[in-house]
Each structure stands twice: as C-alpha cells, then as structure tokens.
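Visitor: One-letter residues, chain by chain:
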Amino acid sequence: MLQTQLPKPPSDDKRWRIVEVTMRRQGFDPHSLIEALHAVQQAFGYVDETAMKYVASCLRVPLSKVYGVVTFYHHFTLKPQGKHTCVVCMGTACYIKGNGENIKQLSAKYRIREGQTTPDGELSLVSARCIGACGLAPVSVIDGEVVGKSSADQLIATIERKLAK
Amino acid sequence: MTPEDLHGTVLKQQAKHGNYQHVFNVCMESGCVSCNSAAVVEALEAEVKKRGLQKTVCIKRVGCLCSCAQGPMVALDKGDTLYKAVTAADAPAMLDALDKGGRVEHLDFSSKQPFFSRQLKVVREHAGYFDPEDLDDSIRVGAYEALRKAVTEMTPTEVITEIANSGLRGRGGAGFPTGLKWSTVAKNPSTPKYVVCNGDEGDPGAFMDRSMMEGDPHRLIEGMAIAAYATGANRGFIYVRAEYPLAVKRLTRAINQATRTGLLGSRIFDTKFAFEIELRLGAGAFVCGEETSLLSSIEGQRGLPRPRPPFPANSGLFGKPTLINNVETYANIPTIINKSAAWFSSIGTAKSKGTKIFAISGKVHNTGLIEVPMGIPLRDIIFDIGGGIPGGKKFKAVQTGGPSGGCIPESQLDIPVDYESLMSVGSIMGSGGLIVMDETSNMVDVARFFMEFCMSESCGKCVPCRVGTYHMHEILQRIYDRQGTPQDLALLQELCDMVKNTSLCGLGQTAPNPVLSTLRYFKDEYTNLIHSTPTTEVLP
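Going down the list, the protein sequences come from chains A and B.
Counting from 1, one number per residue, gives the positions in the first sequence under this note's numbering.
Counting from 166, one number per residue, gives the positions in the second sequence under this note's numbering.
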C-alpha cells in the first residue's frame, strides 16, 4: 500500500508505538479498525477523542465511523476506568444465584451505578454479560481476580482490601 | 510437516509417555485457574522434584475435567481417581497415596457417579488428559491425524460427502445441516473463499466453546483446515470474545505452533493445500454471534446484521463465499473423518446425530460441562447427571438456548434432547447452556431479565427489534412491579408475535421466546402479579 506520509502520534507517549505497530502489521487496512481500537484500549485503558482521531487518520476511516464503532461495542470505554475495577457477572446463572442483588448492594455501598466510577477515581463498578465461569456462579472479577460463589459482604470485604492497599 | 513426521511425533511421544507410571492431570481452565489450580501444579512439581520422581511421575496441565464447581480438579492417570477442591498443601498427600495404591480420602470425588458415567465423549474424547498448550502432546492423542487423512487420502468432494453422510448439524443453535453448507461454498466458483469460526459465545450461561478453545485449540484448527480443504478456501478467521482472555492466549499459541511446524501455511503434509488462520477479537456485542453481524465485525465495522439472502456461503466476508460454523461444529469434524460417517451417525436420534456438549449451571448439584448423546431425556440430564436440586427445593424450570431460548417446565422434562423436540416445546437447542431454576425463581423476573438483555443488545438496525424489545421490557417491568393490567398481557402477546415475525436477524426473531414460553407454562405467575394489589414489598 502506498503510504507517503504517516500521521504523527498525538504525543511522545511510548504507548502510541504499540498502537502503530498493530496497525502496521495489518498494512493500515481500514478493516483492521477494531484491532487498532483493541490496542488503544489495552495500552491506555480507554479510547478518547485524541486516540480516535489518530486511528482514523492512520487507517483513513471517517472519524464518525470510528466513533460509531467505539460506542457500538461494550468493550471500548471513552473515559478512564477507576484504579480498581469490580466486574459483576450478570449472566443468567449468576443472576439466578444472586448477583442481581449483589450489584444493588455494591452500588448502594459505593454510591455509584453500574458503569460508573467513584468521584475519587478509585473504584469502577462494571457489569459483564457472561464471563463463562458459570460453574462458580455467582462470579465477580475484582482487579482481574475471579471471585466465585460470593455474597455481597464477601465482595465488599475484598474490595475494601484492595482499596486499602 | 510431512505425514511421516506426524507419525514419528506420535511414536516418540507415546514412548515418552510409556515411561511414566503415573500422570497427574491438573485442570488449567478458567474456572479452575480462578480457584488457584496453578499453585497446585507448582506444589506437585516441587514435591515430585523433592522426591526425585521426575522420570516416573508426570504433572500435566490439562483442559476441563467437567466438574467446574468442584475445582481445582485433578485426575490421576486415566481418570479412575478424581480429586476435587485440591489445594497446594495436598500435594504431599497425593504422592503418598500413590505408593500405597490408595487415594486421598478427603479429596476423593467418585468417578463412578452418573455425572461421569452417563456422559459420552466424542468431541471431548481426550479433553482433560493432554496439555493443550503443547503441540506434541496434542499430536500424541491424535491431533492432525484427520487432517492428514483428508488431504492425502481423500478428495474435497469425498470429505464433503462424508460430512453430509454423518448427518452433522450446526452446533451453534439453528441446526443447519453442515454438509449442505459446505457443498454450497464448495460449488461457488468465485475466489478467494474464507472459512470463519464463530467463537463469539455470547449466550449467558454457556461456556462449552470457551472450554473447547482453551482445552483443545488444535482440534478447532484441524477442523477448520479440513473445512478449508473441502471448500477450497485458503484463509480462515477465528472470531473470539475478548471476554475470554485465556482462550485468546491458547489459540494464539496454537496457531503459532501449527504455523511454525507447517501444519498451517503452504504445502500442508506435502500437498498443494495451503491454509492460514488469523484470530479476530470481538468487543462485547451479543449480536455479533449472528453470522452476518460477525462478518461485519471482522471487516472492522459495527456489528450490524445484513438481510439474507445472499447467504454468507455465496456472499460473505468481503463479499466472497464464506463458510461460517460454530466452534463445536468444527470440533466434530476430525472425529467424523477419523472414525467414519457411519460410526458418527449411529449415535443420536433419527434427525439429530452425534453428541452435544452442554454447560449445566444454576440451581443444580453438579454444575459443569457435560457431553451427552443426542436424544437423552432432559430429566436424565438434570436429575441423573446434574444430581437434582440442592437444598431440598423443588425443580421449576430449565432454561435452554440463552436469551433466544425458552423455559421448559417439569411437565415437559421427558422430551428427548434434539433440535426438533426442543423447538416443539417452545425453546431451542441453542449453543448449549442449561440453566436450572428452582421454586424460588420468579418466572416473570426471568422473562424480564432476558428481555432487558435483548433490549440493550439490540443493534438498533431494524425497528421491530429496537422498539419492540423496549416496550416488551417496559410491560414486563410493569407486571413485575404489580402495576400491570390484563390488557398488558394481551399487548405483550401481540408484541411477541410482531417482533418474532418481522425482525431482521436471529436476535430479534428469537427475543420473544423467553416471554412466550413463560406465558405458555407459567401464566399463573403473570396473572398472580396482575391481580394482586400494588405493593412495595420485595419479591423473591
């Protein structure tokens, strides 16, 4: 592909390099948009307007389309996540076994709704569709650590432990 | 790799294995890993080293051992001895038991119980007894033998005939005959062609495909390669959910291993056949499990479905003929090629052949992964294999097929599990999630839960689905809050018919199923909520 001038990354941040390499590997093919966004999400933790503009210009895709894709898929977030994340699985098995109640108690305790982050940026509460660990229902994932067969009290205790660190 | 190399690897690995007196198979799949099975492996390895038993005792990191709720699971040798809820501290005791020829009492988990003995393992024949991250170990248990046979001994037409004769039907839910799909793609003269694997297991409560991808990635690659050979494709894509990080890791590794050893790439087994596979990550959209949406997503677009026809077999990925099958469908292929179509079609019922893997969870004793022959009664799955309902509670319903399926009551439990029977009671086979509910579950709440799911997962392209699911959810919420009127029930029924008949893709067409099936079997729960006076009391 003819690539005369490649758009410059928005800043000197080394993480842009990962994004660029991902796009280069796909030959800056517009079809690799989701791959590129995955790279951004993984490197930065969220996809903001700067990132969208950069990816759009590299892949020569309209910014509106990039925005459309980012907002269509749940995996991409426009805002940074909190320092700690609690993902509550809301798959059927987990719901039947009490995660519907657990998430209510967590949101009451930390005064945030699902999908939100506490004002001090410490904790994000996220719900997931199904993380495929139904044998351990109800399941939550706190900072990447899977907590199975757990009540709201146990979850709050684990979160408190993480927050205290 | 040449056919001789493959054979050589098998012999070498089998010889190496012959030296071991005992093998500890430790489950390293998502479920058990989250119960810290990695620590168990390390403790066992350290203990073996300490005792100087490296030459006679082998510690293996394996795929799913079925009983996910009892993890971490460890199976000794061929699985006659099973240990549950093992911790790192149990390692010395497990090795002590080897010398005495007994087993560790407090960890013992009977392998004779119906949960294991009633299963029939075809697709998962070796799962749990080899290391999925090790290509040589996968080859030892027979990986790529079917691919060798297909490309060196059979013509593409013969492969398709064999698959068609086996009676295999798509395991993604709809049950379309696989052989027919393959021959449609093969007959299309347009090139290039693509082979796509649908690993976007979005149904909440289903984890068979995750287990397949984590526990036997080479079988999936082999199945896809055979499909590519039969249909004349040279490029394949595996679309996996980003929510399955371990599956992504193992598949990436497996594809690299296969490419490095020449099992993928050009001149596979010294023939003209060339095939390569790329991995594509989903990004959390349920609608992408629908085949045309999935193709849009691979193309880097929003996952919007397209009207069919044209079917992907004629105009799919990048407008080219595309074969798209589910993970479990591909996983069935190597067995059919190895053991013949006649053998495969001897299992199951008249119209549904082979076995089906189910993920059984919810309010049931034994949760986990099971593979059963088609036609087994649902009652046997829940009360025999599943071990019934815990806590002395009463069975109420079993939900199959995720948000597209229905709730099956006690009165219908004797139906055999096959595509047609499940359809006749208002549910679908689906991808294989079975969620058991006991008397404490409120069925209106369940219907509302699924409708909320479909409402928020509707892609918004067609009006019946976008607006219909919203209003159905609103009515269900109203009924659940005891604000409903008898007219609401009539309206709900009407909306169900409309959404079912006029939506563009499978998501919308099946979204009313949970409502319709609960209305059919549990209507009194709806009417009870309607006739009672408004209250703020919290419902179960």
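Please note that the accuracy of each hint is not assured.
DSS-like mimics (lysine-lysine), calculated; alpha carbons at most 25 Å apart, straight line [said to hold, decoys possible]:
#1 B/Lys-352 - B/Lys-314
#2 A/Lys-79 - A/Lys-65
#3 B/Lys-181 - A/Lys-149
#4 B/Lys-516 - B/Lys-504
#5 B/Lys-352 - B/Lys-215
#6 A/Lys-149 - B/Lys-558
#7 B/Lys-215 - B/Lys-181
#8 B/Lys-559 - A/Lys-149
#9 B/Lys-485 - B/Lys-626
#10 B/Lys-286 - B/Lys-265
#11 A/Lys-14 - A/Lys-109
#12 A/Lys-65 - B/Lys-559
#13 A/Lys-65 - A/Lys-104
#14 B/Lys-516 - A/Lys-65
#15 B/Lys-559 - B/Lys-516
Since the hints were derived computationally from the structure, they do not count as laboratory data.
Nothing here was measured: the structure is a model prediction, and the numbers come from that model.
Visitor: It remains to establish, for every hint, whether it holds in the given structure.
Guide: Hints, one by one, checked against the model:
{"no.": "1", "hint": "B/Lys-352 - B/Lys-314", "verdict": "holds, 22 Å"}
{"no.": "2", "hint": "A/Lys-79 - A/Lys-65", "verdict": "holds, 19 Å"}
{"no.": "3", "hint": "B/Lys-181 - A/Lys-149", "verdict": "violated, 40 Å"}
{"no.": "4", "hint": "B/Lys-516 - B/Lys-504", "verdict": "holds, 20 Å"}
{"no.": "5", "hint": "B/Lys-352 - B/Lys-215", "verdict": "violated, 61 Å"}
{"no.": "6", "hint": "A/Lys-149 - B/Lys-558", "verdict": "holds, 19 Å"}
{"no.": "7", "hint": "B/Lys-215 - B/Lys-181", "verdict": "holds, 22 Å"}
{"no.": "8", "hint": "B/Lys-559 - A/Lys-149", "verdict": "holds, 21 Å"}
{"no.": "9", "hint": "B/Lys-485 - B/Lys-626", "verdict": "holds, 23 Å"}
{"no.": "10", "hint": "B/Lys-286 - B/Lys-265", "verdict": "violated, 31 Å"}
{"no.": "11", "hint": "A/Lys-14 - A/Lys-109", "verdict": "violated, 38 Å"}
{"no.": "12", "hint": "A/Lys-65 - B/Lys-559", "verdict": "violated, 51 Å"}
{"no.": "13", "hint": "A/Lys-65 - A/Lys-104", "verdict": "violated, 35 Å"}
{"no.": "14", "hint": "B/Lys-516 - A/Lys-65", "verdict": "violated, 45 Å"}
{"no.": "15", "hint": "B/Lys-559 - B/Lys-516", "verdict": "violated, 33 Å"}
The structure does not agree with the numbered hints 3, 5, 10, 11, 12, 13, 14 and 15 stated previously, though it agrees with the rest.
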